[in-house]
Each structure stands twice: as C-alpha cells, then as structure tokens.
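Quick note: the sequence shown uses the numbering used here, first residue 547, plus one each step.
Since the hints were derived computationally from the structure, they do not count as laboratory data. One or more of the hints may lead you astray.
Straight-line alpha carbon distances no greater than 25 Å define the calculated SDA-like cross-link-like pairs of lysine to any residue that follow [unchecked claim]: (1) 768 x 743; (2) 779 x 743; (3) 700 x 726; (4) 765 x 572.
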Amino acid sequence: MYRRLKYPEKPGRKSPLQTFLQGQLPSVCVTEALQPFNTLIDVRTSEEYHQGAIPRSLNHPLFDKLERSLIGSLYRQVGKDAAIQRGTSLIAPQLEHFLGSLRPLQSKLLTIYCARGGMRSKSLTRFLKSEGFRVQQLEGGYKAYRRHVLEFLKGYRPSLIVLHGRTGVGKTLLIRSLPDSLDLEDLAQHRSSIFGAVHLQPRTQKNFEALFHSQISDKPKKQLIFVEGESRKVGRVFIPEAFAEAMKKGKKVLLKASMETRVRRILDEYHPRDEKTLLQIEEILPTLRESLGKSMVEHLRNCLVQEKFEEFIQILLEKYYDPRYEHGMKDYQYDLDLSAEDLEQTQHDLIRFHSLQS
Numbered sequence: 547m548y549r550r551l552k553y554p555e556k557p558g559r560k561s562p563l564q565t566f567l568q569g570q571l572p573s574v575c576v577t578e579a580l581q582p583f584n585t586l587i588d589v590r591t592s593e594e595y596h597q598g599a600i601p602r603s604l605n606h607p608l609f610d611k612l613e614r615s616l617i618g619s620l621y622r623q624v625g626k627d628a629a630i631q632r633g634t635s636l637i638a639p640q641l642e643h644f645l646g647s648l649r650p651l652q653s654k655l656l657t658i659y660c661a662r663g664g665m666r667s668k669s670l671t672r673f674l675k676s677e678g679f680r681v682q683q684l685e686g687g688y689k690a691y692r693r694h695v696l697e698f699l700k701g702y703r704p705s706l707i708v709l710h711g712r713t714g715v716g717k718t719l720l721i722r723s724l725p726d727s728l729d730l731e732d733l734a735q736h737r738s739s740i741f742g743a744v745h746l747q748p749r750t751q752k753n754f755e756a757l758f759h760s761q762i763s764d765k766p767k768k769q770l771i772f773v774e775g776e777s778r779k780v781g782r783v784f785i786p787e788a789f790a791e792a793m794k795k796g797k798k799v800l801l802k803a804s805m806e807t808r809v810r811r812i813l814d815e816y817h818p819r820d821e822k823t824l825l826q827i828e829e830i831l832p833t834l835r836e837s838l839g840k841s842m843v844e845h846l847r848n849c850l851v852q853e854k855f856e857e858f859i860q861i862l863l864e865k866y867y868d869p870r871y872e873h874g875m876k877d878y879q880y881d882l883d884l885s886a887e888d889l890e891q892t893q894h895d896l897i898r899f900h901s902l903q904s
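Can you make the complete structure from the sequences, with help from the hints?
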C-alpha cells in the first residue's frame, strides 16, 4: 500500500509538470488516423500490442508490463500527480534511446496512441512536438479504434461467392490467385483444421478482426467477393457474425479433384520433411485417438517415421477429413460444380462466373 503523498500547493500556481502537460494537442479521430500517410506509433506495452493492435502500427512501448502495473497502482492509491511523476522518472533514463529509435521517422506524420488516449500517448505527443516532430494523438486510443472496427463488422454483409470442396482440392490456392477475394485463413494464420496451425502463428481475435477490417473497409459495398467456405470458427478465432450470415446466403461453388491431386497439394503446402513440422504433426496425432482409434493413430505415426507421407495424408483424408466434410455439407445446394484438377482453368471459370453474377 502506498502512503498518500502531500504536495504543497499555492493558489493559482501549477507544478512545472502540470504546466508541460496542459493545453491543447493536435489530435485525430480513428478514421483520419487510418489514412495511409499516417505512421502509427503504439506506446503500450509489448503484451498489449501483441494481444491487439492497429495494423501497420509500430510498437515503441513507454513502459514494460511491471512498470505499467506500478504506475496504475500509484494512480489508484495515491493520485494522478504521483503516477505521472513516477512515470517520468522511469522513462527519463531511456529518453535518449527512445528518441533515437524515432529519429528515422521524424520526416513523417506520427500518430501516437495508447490504450484510451490517456497520459502515455498525451505526454509522448507533447514531448515529440517539443522536439520538432510532426505529431498528433489518436483520440480515445486503441479502445476507440477497437470500437470503430466492431461497429463496422457488425453491419458488414457483402455479396459473396463461396468456394466449397474437400480438403486439398485447392480452395486456398484459388482464393490467393483470384481478384476480389478475401483469404480468411491467412488473416487467422490458421488452416481451419486439426493440423491448421502447423508452422504458423495463429492470430488473436482482436488482430484477426483488425486485419479483416483493414482489408475490406475500402472495398465497394456492392463488390462481389470470393471467399473460402468455413465454419464460424477458423482455428481459435471467430468470423464476424454478419459476415458468417453473408456466407450462408452467398453463391456456392463446389470444387472437385482426385485423391492423387489432393494428396500432392497437401504435401506441397505442409512440407512434412522439415523436422520442426514433423514434430508439430506428431504432437497433434494423439488427439485423433478418439476419432480413429489407438491402432490407426500408431500406424499414422509409423508412416511419419518411415517418411510415407503420401500414405499418411491419404489415410487422414479417407478416414478423418472426408467423412466429416460429407456429414457437414450433405444438405448443401450448389450453384456451380467445377473440376479443380487444372487450377488455371478453374480460375478462369470462376472469374467468368463472377462476371455473370455482377
């Protein structure tokens, strides 16, 4: 517990710190801050930043997690001035290094933000302004940005062409090659399957939604978009509810390819000969015991050890992925069936289908 400090006060007189922090600062709303000519500087802790940040923003934390906690405790238990003074004393020894890290950006327009548009971003904005930087503060900080994103996603229901098909037919390859497409798995950094996180770093819900917003916010509202058919959940993140509803109402295309083609495409994507990838796959295998049985899982593990990767993939497709796909999609009605053996031809057919719907 901190002892409440007594500060001598004289009527009509403010401390030098109060004088420095008072007065108007240049500030912008979220919409203005997201313009491409702004360089966004996030001064929150690295933990806050990695949990959720504005795309393109650079993290230059004023404090680490422990320091932020200390200052927060002072603010609640002692008062604002004590918290500001402690914060100033913590940053002062690092100020030259901090300034040096920002000097390469001095010719740019900097938009500074913290959690709520409070003292962290306000004090840094004022300090950088005094050092000759072109700088402004984001009103409301990350919280205002997050509110802006959620409000947008709540009402975003575009017209969609949804690609369906069994695992390995080439849906993701097509999405990445088609114009007017949105790659949900890339945004989530997860392939939406039990092995979907192999050699990827899945994103948090906040970062997924932030990147989702950044990719579609500038698209015309009536633009017809290609998207891969997904459940509401992609890895550990959820697709926005309004967008999930739009997927159900979209034009549905069924893609088909032979088992041989599907195995080859999966093999090309996962690169199982890499030692790290093999280890990740082997660690996931025990979770399949309930679905496939202990002996089948052991056989799959032996396939990995013996580098029988084609057999490993084919067993998983036949025994695990395909039955689940058939069960989940049995009541679907498709607007178009296409072979995906030749992806270049399939891409051409999809673009033509897109033009007929527009």
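Tested hints:
{"no.": "1", "hint": "768 x 743", "result": "violated (33 Å)"}
{"no.": "2", "hint": "779 x 743", "result": "holds (14 Å)"}
{"no.": "3", "hint": "700 x 726", "result": "holds (21 Å)"}
{"no.": "4", "hint": "765 x 572", "result": "violated (30 Å)"}
The structure fails to meet hints 1 and 4 from the earlier list, while all remaining hints are met.
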